[in-house]
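Chemist: If you want the building blocks of each chain, they are given just below.
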Amino acid sequence: MASGEFNCPSCAAPLHVENRFSKVVICQYCGQTCSVSPEGLDPTGEKAQLADFESILSVGSTGSFRGRDFKVLGRLRYKYDGGFWDEWFLSMSDGKKLWLQEDEGEFTAFEKETLTAPLPPFDEISVGSMLDVNGKQAFVTEKNKALIAGGVGELYFAVTPGMTANCVDGNCGGQLLSIEFTPDEINLSVGEEVPIDSIVVNS
Amino acid sequence: MSDKQQVDAALSKLKKLVEQGKYREAWMGCDEVLALDSGNEVAAQLKREIEERGLLMKQTASKGFSVSTLTCPRCSASLSIHSAEAESITCSSCGAVTNIEDGNVIASVQANMFPPYSFISLGDEGEFFGKKYQVIGRVRCRADLKEWDSEDKRYYTEPWTYDEWVLVGESKEYAYLYEDSESWAFVEPFTPSKPNLPKPTQTRMSLETGHPEQRLDEFADARISYFEGEFTWTPKAGERIHSFEYTYGHQSFSVEARLGDDGKPVEVEFFKSTPQSRLDIARAFGKQQILKEEQEKQEAKAEAKKWANGFFAAGALLLVLLVGSLFSGSVVAEYSFSFNQATPDEGVIRGPFALTKTGAVHTLELSTSIRDNSWSWGAVELLDEQQTPISAVEGEF
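Chains as they are written, first to last, in the working numbering: chain A, 50 to 252; chain B, 10 to 406.
With the rest of the complex left out, here is chain A:
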């Protein structure tokens, strides 16, 4: 797997790939999405530059969260009928990966969890009802067909702007759930809301 210094195949800007597990890197200058392969960068993805809405985080920024240092590697923006939300991909000092979801100014820290039991199809899930997730009852708070509007930096799964994802949000006894249905897989993330002042960004 590649990691190190590259040049954007589209605009030749320097492109640093930090995480050796990254599958996609998006040029912060021109928005070109590139697949990361052992041979280097493949500019097969789409180009989509994000409007830079103000946030305490930015790609490349470092800081600490609950006693662990982090570096922000990537940002992914989802659009849906009701607006958009951003997901920040963080590499933690203990080697773990963390997603910080930023939606309407609120942050939720998500970590991936394995689905141990099948879920009903996306279309059969109703907002306001209970859903069995890994043997626990989760209350479904929202359901969206979201569009990946674009991203910046590097991400550890293959994604291109324009892809759609079916997303279900839930609450299981105060723990927040995010389930993403893609044509190939279903991803479960479990997390909790975090106060903004628990994310300390180095100046």
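No lab work stands behind these hints, which were simulated from the structure alone.
Derived EDC-like pairs (lysine to aspartate or glutamate); straight-line CA-CA distance at most 20 angstroms: (1) B/K181 to A/E155; (2) B/K273 to A/E173; (3) B/K141 to A/D246; (4) B/K140 to A/D246; (5) B/K281 to A/E242; (6) B/K281 to A/E241; (7) B/K181 to A/D135; (8) B/K208 to A/E191; (9) A/K194 to B/E276; (10) B/K140 to B/E173; (11) B/K281 to B/E222; (12) B/K245 to A/D130; (13) B/K245 to A/E153; (14) A/K194 to B/D271; (15) B/K203 to A/D181; (16) B/K140 to A/E155; (17) B/K141 to A/E155; (18) B/K203 to A/E242; (19) B/K141 to A/E153; (20) B/K181 to A/E242; (21) B/K203 to A/E241; (22) B/K181 to A/E153; (23) B/K181 to A/D246; (24) A/K146 to A/E160; (25) A/K128 to B/E276; (26) A/K120 to A/E54; (27) A/K194 to B/D270; (28) B/K181 to B/E136; (29) A/K194 to B/E278; (30) A/K185 to B/E217; (31) B/K281 to A/D152; (32) B/K273 to A/D130; (33) B/K140 to A/E242; (34) B/K203 to A/E191; (35) B/K181 to A/E241; (36) B/K281 to A/E155.
Only some residues are given here: those of chain B computed to face chain A with a beta carbon under 8 angstroms: (37) V177; (38) E182; (39) T200; (40) P201.
All values reported here derive from a predicted model rather than from experimental measurement.
Glycine is no exception: its CB is placed at the ideal position from the N, C-alpha and C atoms.
Following the hints, put chain B in place on chain A, whose structure we already have.
Modeler: Okay, now just chain B, sitting in the frame of chain A:
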């Protein structure tokens, strides 16, 4: 009457109909004129104008339901009306409310006809619980509010309107200010430990594992009638929201379901709110004029109380409360308070005491003996088992 006289008379009638806002009749009158004089430009032009300005409803059939369409007079979007009794329709594109009477558009209320109730404006900056916020948006909702009446022990439904001000904090966190004609509340989203959405027939609920089930204070079936400012979601005029609220401690807890076109929830959110007074809000936003008004009101009240308490203490009053059973004639309880021991600022509160005799009509007698030129006031509250006041009597002597 010659054809020309008939046409002139018909045109004069048309003019009056337009002035009266009777567009449907005027539109039909145009046809009558055109039948007499097919080249009459005045009638043809008026007919076109009525049609183009969307002042007339057109009937179309849709799956057995009669649907009328109207063009929004403000933004020209198409409006669908399903009920013949519809009196007004809110445009989902621009938020303008159009009033309809007998198929005629009688008024198109521009969006700025929903002014705020109070002194807050978009762009104002304020501080709540040590955090600074800026007002960035406002949503006006009109609701059928089902509210619990603790005295009558039942829910009453009444029409209600309220504003929800959208606040954004310095750290980009969002909060809301609820405002209606009677009250204010600072509202924050929260993550409940026991999330649920009550059924419309449900009367008790709890959103936290630490809260015993509480009676629902209110249930609102609301629609957005107007919005202004900026939002991180896309509000739509006419969008329907169901909300359920209960009180626990000093805060209210609510669940809000935003409904889709099919009436099913598309998003469920949870909020907790802390009541605020007009003075709190004026202080939070540094509204000096309002603060001055509120302070003057409070000073006037304090002055009145000082005089009242002066009389109160000087009067060496005796307030007697008798609770008796009407038919047996027996006194259930008697309380006597000597008020010359009361401090001028506090008065005296006694009780509560239990009414244990069931199945009997009780009478309550409040009397006092006071000196000349003195004044006293007494009140008795009837509490339910949860210590909530359900009735009160008072007397001034």
